[in-house]
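Start counting the sequence shown at 7; every next residue gets the next number (my numbering).
If a hint is listed, it holds; no wrong ones were tucked in.
Derived pair list, reagent style DSBU-like, types lysine-lysine, alpha-carbon separation capped at 30 Å: (1) Lys365 x Lys314; (2) Lys314 x Lys355; (3) Lys257 x Lys343; (4) Lys323 x Lys365; (5) Lys314 x Lys328; (6) Lys343 x Lys314; (7) Lys365 x Lys328; (8) Lys323 x Lys355; (9) Lys323 x Lys343; (10) Lys257 x Lys328; (11) Lys343 x Lys328; (12) Lys365 x Lys343.
Here are the simulated distance ranges between beta carbons: (13) Gly112 x Ala296: 55 to 65 Å; (14) Asn307 x Gly390: 18 to 28 Å; (15) Trp309 x Gly255: 27 to 37 Å; (16) Val347 x Asp73: 39 to 49 Å.
To be clear, the hints were calculated from the coordinates, so they are not data collected in a lab.
Glycine included, C-beta positions come from ideal geometry on N, C-alpha and C.
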Amino acid sequence: MKKNLITLAVASTLATAMVSAPAFADTSNVTVYGVASLSYDLTNNGAIGTNQVSSNQSRLGLKGSEDLGDGLSAVWQIEQQINIDNSTTKGNTFASRNSFLGLSSGSAGTFILGRHDTPYKIASRSFDVFADSIADNRSLMGGASLVTWGANNAITTNAIPTTASAGASFDGRQGDVVAYISPAMSGFTGAIAYVAGAEGATAAGTTKGSAWSLAGLYGNGPLSVNLGYEAHDLGTAPGTVGGSAAFSGKKESAWKVGAGYTMDALTVNAVYERTTDNLGSAANALFGTALAADTDVFGHNSWYLSGKYSFGNDAVKLAYTKMDNMNAALGADTGAKQVSVGYDHNLSKRTSLYGLYTKLSNGTNAQFGLSGVSTGAPAASGAGVGVSAWSFGMKHTF
Numbered sequence: 007m008k009k010n011l012i013t014l015a016v017a018s019t020l021a022t023a024m025v026s027a028p029a030f031a032d033t034s035n036v037t038v039y040g041v042a043s044l045s046y047d048l049t050n051n052g053a054i055g056t057n058q059v060s061s062n063q064s065r066l067g068l069k070g071s072e073d074l075g076d077g078l079s080a081v082w083q084i085e086q087q088i089n090i091d092n093s094t095t096k097g098n099t100f101a102s103r104n105s106f107l108g109l110s111s112g113s114a115g116t117f118i119l120g121r122h123d124t125p126y127k128i129a130s131r132s133f134d135v136f137a138d139s140i141a142d143n144r145s146l147m148g149g150a151s152l153v154t155w156g157a158n159n160a161i162t163t164n165a166i167p168t169t170a171s172a173g174a175s176f177d178g179r180q181g182d183v184v185a186y187i188s189p190a191m192s193g194f195t196g197a198i199a200y201v202a203g204a205e206g207a208t209a210a211g212t213t214k215g216s217a218w219s220l221a222g223l224y225g226n227g228p229l230s231v232n233l234g235y236e237a238h239d240l241g242t243a244p245g246t247v248g249g250s251a252a253f254s255g256k257k258e259s260a261w262k263v264g265a266g267y268t269m270d271a272l273t274v275n276a277v278y279e280r281t282t283d284n285l286g287s288a289a290n291a292l293f294g295t296a297l298a299a300d301t302d303v304f305g306h307n308s309w310y311l312s313g314k315y316s317f318g319n320d321a322v323k324l325a326y327t328k329m330d331n332m333n334a335a336l337g338a339d340t341g342a343k344q345v346s347v348g349y350d351h352n353l354s355k356r357t358s359l360y361g362l363y364t365k366l367s368n369g370t371n372a373q374f375g376l377s378g379v380s381t382g383a384p385a386a387s388g389a390g391v392g393v394s395a396w397s398f399g400m401k402h403t404f
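Please work from the sequences and hints to get the whole structure.
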């Protein structure tokens with residue numbers, strides 16, 4: 007459970023809190039850390055097959071702390087994503103990942119400002135046995151955003167609403183974050199974060215979106231149970247939560263519960279997620295539909311089950327994800343499901359090889375693709391079309 011917290015909690019009592027990298031020392035220091043993760047992927051989007059080398063959340067970071075005395079430390083981190091399969095593509099912006107400055111106390115908790123994964127996202131990441139790969143469960147969980155961004159932050163929208171499942175992603179990393187995480191108390195840790203509106207002035211008639219995100223994480227021996235809740239006040243200003251002119255006055259929220267249990271060599275996990283919104287009239291503006299003003303458009307249930315069996319330096323993994331139909335009259339059969347199977351081999355504590363196969367099946371009116379955490383993840387070629395991939399990769403952590 008503590009590994010779920012590695013980056014939000016940088017408290018000395020959480021030696022491995024929310025960033026899976028070496029713990030902070032008690033004196034002023036700078037630690038260089040990172041992950042290099044590349045795979046050779048063979049994918050099919052229902053129309054064509056492709057093969058390519060993909061980067062899977064490779065990153066490089068700097069972090070450190072300074073002992074201020076009386077149990078108080080200053081903590082900081084700067085982390086960026088590096089798409090090492092093709093450094094000319096996006097994903098190389100400095101400090102694009104969890105980057106923050108804050109104060110940490112073993113007895114009072116940790117307070118940070120900056121850019122960070124929300125507590126809601128952190129609440130279930132440890133349960134995904136294919137996290138940060140082309141089979142990552144965020145293809146169907148966490149809310150795929152309705153709004154995408156073009157050149158110069160121009161707002162565009164997906165071709166049909168069923169390529170999305172939320173106005174703004176819930177399993178996200180947000181800028182302008184103010185966050186607090188409590189010290190561990192009898193196995194329980196709590197976290198809360200506020201996401202402020204876009205920086206600077208906004209154009210006349212636009213509003214800044216904002217969000218609240220909360221998580222409670224409990225770990226006791228082989229058992230982990232985590233809860234998450236997040237609420238969005240969607241804004242109309244570019245670069246803010248939501249970021250579409252159609253979102254004026256609109257709100258959405260999500261909650262989830264996840265659990266994991268380890269029995270000797272076997273680990274099993276389960277996550278349930280529920281989202282709701284009042285985006286009705288926003289869907290009218292964006293897609294020409296005829297929904298009542300506060301209709302729940304994307305509200306849905308999602309389920310995730312996974313298992314991992316380890317033996318020696320090897321492990322086999324299996325996962326199943328299902329997103330039920332969405333609420334609004336955007337067409338029946340708007341859900342999807344995904345099945346993934348994989349094999350890992352550890353060459354050392356920090357270097358591993360893996361192979362996996364994943365298949366996502368869309369409902370007749372759904373068009374979800376594989377998770378964008380991999381640069382090789384394809385979108386479906388059309389509504390009702392499935393997507394699949396073989397991936398053979400290597401991962402090194404330093």
